[in-house]
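Those letters in the sequence shown? Residues 365 to 891, per my numbering, in order.
Everything labelled a hint here was simulated from the structure, so no lab data went into it.
Any given hint might turn out to be false.
What the hints assert, rightly or not - If you anchor each label on the Cβ, the simulated ranges turn out as follows:
{"id": "1", "residue 1": "Val525", "residue 2": "Ala556", "range": "33 to 39 Å"}
{"id": "2", "residue 1": "Leu639", "residue 2": "Val525", "range": "38 to 44 Å"}
{"id": "3", "residue 1": "Phe528", "residue 2": "Ile675", "range": "21 to 27 Å"}
{"id": "4", "residue 1": "Asp455", "residue 2": "Val671", "range": "47 to 53 Å"}
{"id": "5", "residue 1": "Ile693", "residue 2": "Ile631", "range": "38 to 44 Å"}
{"id": "6", "residue 1": "Ser483", "residue 2": "Phe528", "range": "22 to 28 Å"}
{"id": "7", "residue 1": "Pro798", "residue 2": "Arg559", "range": "50 to 56 Å"}
{"id": "8", "residue 1": "Asn507", "residue 2": "Pro408", "range": "52 to 58 Å"}
{"id": "9", "residue 1": "Ile569", "residue 2": "Asp688", "range": "34 to 40 Å"}
{"id": "10", "residue 1": "Phe533", "residue 2": "Ser464", "range": "23 to 29 Å"}
Stated by the list, open to error - Taking lysine-lysine pairs in the PhoX-like style, the calculated list, with each CA pair at most 20 Å apart, reads:
{"id": "11", "residue 1": "Lys715", "residue 2": "Lys413"}
{"id": "12", "residue 1": "Lys584", "residue 2": "Lys491"}
{"id": "13", "residue 1": "Lys647", "residue 2": "Lys413"}
{"id": "14", "residue 1": "Lys584", "residue 2": "Lys522"}
{"id": "15", "residue 1": "Lys773", "residue 2": "Lys646"}
{"id": "16", "residue 1": "Lys682", "residue 2": "Lys647"}
{"id": "17", "residue 1": "Lys413", "residue 2": "Lys584"}
{"id": "18", "residue 1": "Lys647", "residue 2": "Lys773"}
{"id": "19", "residue 1": "Lys555", "residue 2": "Lys457"}
{"id": "20", "residue 1": "Lys646", "residue 2": "Lys457"}
{"id": "21", "residue 1": "Lys491", "residue 2": "Lys413"}
{"id": "22", "residue 1": "Lys522", "residue 2": "Lys647"}
{"id": "23", "residue 1": "Lys646", "residue 2": "Lys682"}
Fair warning: this is a prediction, and the values are worked out from it, not measured in the lab.
Beta carbons: idealized from backbone N, C-alpha and C, even for Gly.
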Amino acid sequence: MMSLTMTFLLMAWVSGTVNGIAGGTMGDAEGNSADSGVYLEVFPSAEWKVPEDTLHHLTLSLGFNENDTYCDGGQDLTEAQLVVTVVPDEDWKLDFVNRSIHFTVEEVCDHVNKSLTFSGYYWGLTKLSFYLTTNYHLLHLYNNTLLRDDVLITVDRKTYVLDFVFIIFGATFVLVNNINMGAQLELQIIKAVLRRPLGPVCGFISQFAFMPLFSFIMGKIFFEDPLQRLGLFTLGCSPGGTSSNFWTLMFDGDINLSITMTAISTIAAMGMMPLWMFTLGKKLLEDNANLQIPYSNLALSLVSLTVPVGIGMFIRFKRPVWADRGRRIIKPFTLIVILFFLTLGIYNSYKVFTMMTWQMVVAGLLVAICGYSFGAIFAKLWCLPRDKVIAISIETALQNPGVSFILLKLSLPSPTSDLAALPAMATMMMTSPPMMLCYLLYFLFHRYCGCCPDPVPQHQQEQKPSTDTQQEVAKFLPDTQQEVTKSLPAAEDGYAAMPAKENEKRNYVIVLEGLTKRKVMESENRP
């Protein structure tokens, strides 16, 4: 179930992990201002993790160095004040109630504690620098003296009741829809796909050859940070996800091929992801980085796909009436599921948009568009029909993002793993909204213009006769044309309607055989 919810909870999951815990070696409690004659202490510590949208108090304490004599009473310092001002590396991440604190010399000598109040709105890491300013020049204390710059604040995401609602309803929706999709599958068609795996082979090449190489190239072009390049590359190496099955269904693609490709690519990823990670992926990391492939997550993704689909196929076998009822609602229900994740998922992760750069957005959009295009063109070169072209195109562009994020989380420490995930998150966000726009246009053209006709199902294509059945019968039995015409179904578009059931076929064969025998007997009895 964890893997089942990974794909559609991606936005909620990433928004909770983008922050991370600040690591590394901090400066000591005395600060780095020994030469300024005054030092600054910060409490609770030089590294602090705080929840978002909550007021927090950072306690400061000033002190004079031992070689200073400001506290011996030899000078009149009653009007002297020292002002400490905080300057964050990025102003937009933290919201300060007060940025400056005023200390008198007496308060500094007595080590009086005072607080800075702030709240964290955006997730992530912020470095704070503290400067000393004075309104009364005390010997060698100068304005704008840096006291310390080693204080790191990490703003974490709070867990809300809406998150649990999202998880429960999202898991239920995906489970029900996967079961319903399984109930619409044709086992014979899946067996035919596996016997002649032209579609899966085409999808495999598109997904595990083109996408990793193209995402690697896009990372080199748009990003200077190796971590961001790695984040985009890991998504390009990931297998197909459940969302590709949903969109294939909405665009009238071959759902049998789509689900088969998703299962095959998940199995293949257990070998292909290590191959790419330990070749091109190593070029994006330092030598001491330890890449870990999330095999357990891949296995759970496979189980979460195949088990509900298997349940649906079993329902089709035992209760075909239920499967027929599910066919009537599968498209509107799938659309509801997609809209649910787009709306509530984006609402849960809207702050992530503020952390993305234009490079991330452009790179993600190009990777998505080129994935769709290459999959469609490559499938067309293999002379595949339209429904299979749609399935391969969508399966190529839509990967399982949960796998890439788990890989980064296992391989890199926080917050580097979370920062590396941003380009992959941008790519995911650049796939669903454009698909929704394309589907809206597809629906309008299909409904009002007739530009996108429904594909003819494969079993109907195989049953369609190549010649007029009545004419063929009349050719061999000219005297019985009228009787045969009465026995056969009415013609449509020049073709005799073919019976759909095998028992009906046998009935018509028996009629033809009986008429033939009667004509033969009549000819033998003639004088």
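Original post:
Taking each numbered hint in turn, which are not upheld by the structure, reported in ascending numerical order?
Top reply: Structure breaks hints 1, 5, 7, 8, 10, 12, 13, 14, 16, 17, 19, 20, 22, 23.
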